[in-house]
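Participant: Here is how the chains run, residue by residue.
Number of protein chains: 2
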Amino acid sequence: MTKIARAYTNIALIKYWGKKDKTYKIPYTDSLSLTLDRFYTDTKSEVINSDKDVVFLNNQELDDSKSLRIRNYLDTVRKMYSFDEHFQINSTNHVPTSAGFASSASGFAALAASINSTMNLDLSKKSLSILARNGSGSASRSIFGGFVQWHAGTNNDTSFAEPIDESPDIGIVLLSVVISKAEKSISSTTGMESSVKTSPFYSNWSTLVASELVEFKQAIANKDLQKIGEISEHNAMSMHALTLSANPPYTYFAPETIQILNIIKKLRNNGILAYATIDAGPNVKIICSKESVQKVKDFIEANITGISTVEAHIGRGIEYI
Amino acid sequence: MTKIARAYTNIALIKYWGKKDKTYKIPYTDSLSLTLDRFYTDTKSEVINSDKDVVFLNNQELDDSKSLRIRNYLDTVRKMYSFDEHFQINSTNHVPTSAGFASSASGFAALAASINSTMNLDLSKKSLSILARNGSGSASRSIFGGFVQWHAGTNNDTSFAEPIDESPDIGIVLLSVVISKAEKSISSTTGMESSVKTSPFYSNWSTLVASELVEFKQAIANKDLQKIGEISEHNAMSMHALTLSANPPYTYFAPETIQILNIIKKLRNNGILAYATIDAGPNVKIICSKESVQKVKDFIEANITGISTVEAHIGRGIEYI
Numbered sequence: 001m002t003k004i005a006r007a008y009t010n011i012a013l014i015k016y017w018g019k020k021d022k023t024y025k026i027p028y029t030d031s032l033s034l035t036l037d038r039f040y041t042d043t044k045s046e047v048i049n050s051d052k053d054v055v056f057l058n059n060q061e062l063d064d065s066k067s068l069r070i071r072n073y074l075d076t077v078r079k080m081y082s083f084d085e086h087f088q089i090n091s092t093n094h095v096p097t098s099a100g101f102a103s104s105a106s107g108f109a110a111l112a113a114s115i116n117s118t119m120n121l122d123l124s125k126k127s128l129s130i131l132a133r134n135g136s137g138s139a140s141r142s143i144f145g146g147f148v149q150w151h152a153g154t155n156n157d158t159s160f161a162e163p164i165d166e167s168p169d170i171g172i173v174l175l176s177v178v179i180s181k182a183e184k185s186i187s188s189t190t191g192m193e194s195s196v197k198t199s200p201f202y203s204n205w206s207t208l209v210a211s212e213l214v215e216f217k218q219a220i221a222n223k224d225l226q227k228i229g230e231i232s233e234h235n236a237m238s239m240h241a242l243t244l245s246a247n248p249p250y251t252y253f254a255p256e257t258i259q260i261l262n263i264i265k266k267l268r269n270n271g272i273l274a275y276a277t278i279d280a281g282p283n284v285k286i287i288c289s290k291e292s293v294q295k296v297k298d299f300i301e302a303n304i305t306g307i308s309t310v311e312a313h314i315g316r317g318i319e320y321i
Numbered sequence: 001m002t003k004i005a006r007a008y009t010n011i012a013l014i015k016y017w018g019k020k021d022k023t024y025k026i027p028y029t030d031s032l033s034l035t036l037d038r039f040y041t042d043t044k045s046e047v048i049n050s051d052k053d054v055v056f057l058n059n060q061e062l063d064d065s066k067s068l069r070i071r072n073y074l075d076t077v078r079k080m081y082s083f084d085e086h087f088q089i090n091s092t093n094h095v096p097t098s099a100g101f102a103s104s105a106s107g108f109a110a111l112a113a114s115i116n117s118t119m120n121l122d123l124s125k126k127s128l129s130i131l132a133r134n135g136s137g138s139a140s141r142s143i144f145g146g147f148v149q150w151h152a153g154t155n156n157d158t159s160f161a162e163p164i165d166e167s168p169d170i171g172i173v174l175l176s177v178v179i180s181k182a183e184k185s186i187s188s189t190t191g192m193e194s195s196v197k198t199s200p201f202y203s204n205w206s207t208l209v210a211s212e213l214v215e216f217k218q219a220i221a222n223k224d225l226q227k228i229g230e231i232s233e234h235n236a237m238s239m240h241a242l243t244l245s246a247n248p249p250y251t252y253f254a255p256e257t258i259q260i261l262n263i264i265k266k267l268r269n270n271g272i273l274a275y276a277t278i279d280a281g282p283n284v285k286i287i288c289s290k291e292s293v294q295k296v297k298d299f300i301e302a303n304i305t306g307i308s309t310v311e312a313h314i315g316r317g318i319e320y321i
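Top to bottom, those sequences are chains C and W. Counting in UniProt numbering, the first sequence runs from 1 upward without gaps. Counting in UniProt numbering, the second sequence runs from 1 upward without gaps.
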């Protein structure tokens, strides 16, 4: 019987920003993420007697243009593992776009795991991470739970994620603050490319990431949530500095992004643990502690109208149900 | 008879961000500015029979704490030119803080020129620029009109401004957009220090400035206003990238800053010449052409309520009236 593969999404706390190799999605630097329990994708793959894959997302068949990225990915998988079968893919996304998370991380991790299961490839988690990365860079990290490091590597065999601590007892809570009236922004792929090619500061990004990774792993070992917050916020803002210094300059920040950053500073001034991280979009995710999260939530909802928050905790790695 | 010295303020289009020497205000890099006709300071200095300077600003005597920076500066001036006289300073500021400009550039330029006149020092403009710089770095540029370059230099004798083109026929208009509900921000001195010490990207700032200076001067020579706008916007955003990447990160942007940056992009998409520059505060100054300025003004006032704009053109250097 075909199993369902479940993969949770993850949030990068040391960001992935810049591809050294676009085909294999090899990044310029390592990155470090937290897998989240709240948002996941369930995927089932069944072999069909056809030379074309069929993809259903949330019970709706995708048309050719919408399924293209997935079908191309399946071609890659077939090539990597030398088989010819085609599939009917049924994928259900529990990553509401309204929560401000991309679903590509959980989506491609679940798809990779599902093919692994259906084709009895019996892949190691390392190989599964490599396979997922070929679909979407950040998917390589969603194979594992908790804190995860994606090693940049130099080619398709050496670029994969590994867990740092799959169930850290550190009380971290991630609060996603969803900005409704967001301006349409440029894709992360386009954004990365622009930073790499045109930011005068990009050459220092890898040195920064390398030193913040060391500090971050020490902070995990020390269960030092404040330090984790500090590094995460600095790393995220430095990534956004690479968009502001691109030529032409651009920013993913919306007016409300600045409002929320100001609120986070106020909360910290009042002794409440709250640090920001922001991906390639206007939404702010706040790193909180079990103790601070309700206060942060209340303060934001009291101070900005029309803003909702979604709480997430540490999530597990790939599961087969 | 004692003359009034008049100095106009200036806006840096290649920014000054970082002091190599705090005492003499020697910057890490050159900078390039446009002197503006709209905002200026008138200053008169009279020798008084006292061992303490007296300072009037806008017809009001400043108390000891408020006049301290000016009295300290006058001590520096006395030391530099070996005289003992003290002064009654009467200064009138036509730089409304509501227009989003700092008055220290025109203020210290006018004060330096005024002492030069009263004491018959007969200083060259180069020496006057050095003298003004000792009060406020950006004041070194307000000695001249039009486009001005401040050479960073390495010590008190070699750090001074020079005109590039005092009356360029280039049709540049600067529109200051004043954001009312601005959050209180950190001073530029504190901000610079933080960027220099903690931004992982600061080491690339001087290379960037050097190359953008060359391009900018070529654009002046070519009367290429669009190119001037592009370089100015990129340079300003890169300066703000140095605040975002400081540790801890900070930003001078207010929510309305982002709103206006979005509007400027929309204007450009409609073929209207408009480029942003932003100093150490939330206000946006827009580089326009004679043809575009009214459209830019109308569009902003139609799209954001409670926002006013002030228009300025190319200003002259120091004048004695």
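Honestly, the hints are just simulated from the structure, not real lab data. We put the beta carbon where it would ideally sit given N, CA and C, even for glycine. Heads up, a few of these hints could be off.
Unchecked claim - Straight-line distance between alpha carbons at most 27 angstroms, and here's what the computed DSSO-like set of lysine-lysine pairs gives:
(1) 79/W - 52/W
(2) 297/C - 227/C
(3) 197/C - 266/W
(4) 52/W - 66/W
(5) 197/C - 197/W
(6) 265/W - 197/C
(7) 79/W - 66/W
(8) 217/C - 19/C
(9) 217/C - 20/C
(10) 217/C - 52/W
(11) 22/C - 126/C
(12) 227/W - 197/C
(13) 125/C - 20/C
(14) 20/C - 126/C
(15) 266/C - 197/W
(16) 125/C - 22/C
(17) 265/C - 227/W
(18) 265/W - 125/W
(19) 125/W - 223/W
(20) 66/C - 3/C
(21) 227/C - 197/W
(22) 79/W - 125/W
(23) 197/C - 217/W
(24) 3/C - 126/C
(25) 125/C - 197/C
To be verified - To spell it out: a stretch of chain W is covered by chain C in this simulated footprint if at least three of its residues, at any positions, have a beta carbon under 8 angstroms from a beta carbon of chain C; those stretches are:
(26) 42-52
(27) 244-252
Said to hold, decoys possible - Partner residues aside, some chain C positions facing chain W, computed with beta carbon under 8 angstroms:
(28) 190
(29) 234
(30) 244
Participant: Find the hints from earlier in the document that the structure breaks and name them by number, from lowest to highest.
Facilitator: 10, 17, 18, 25, 26, 28
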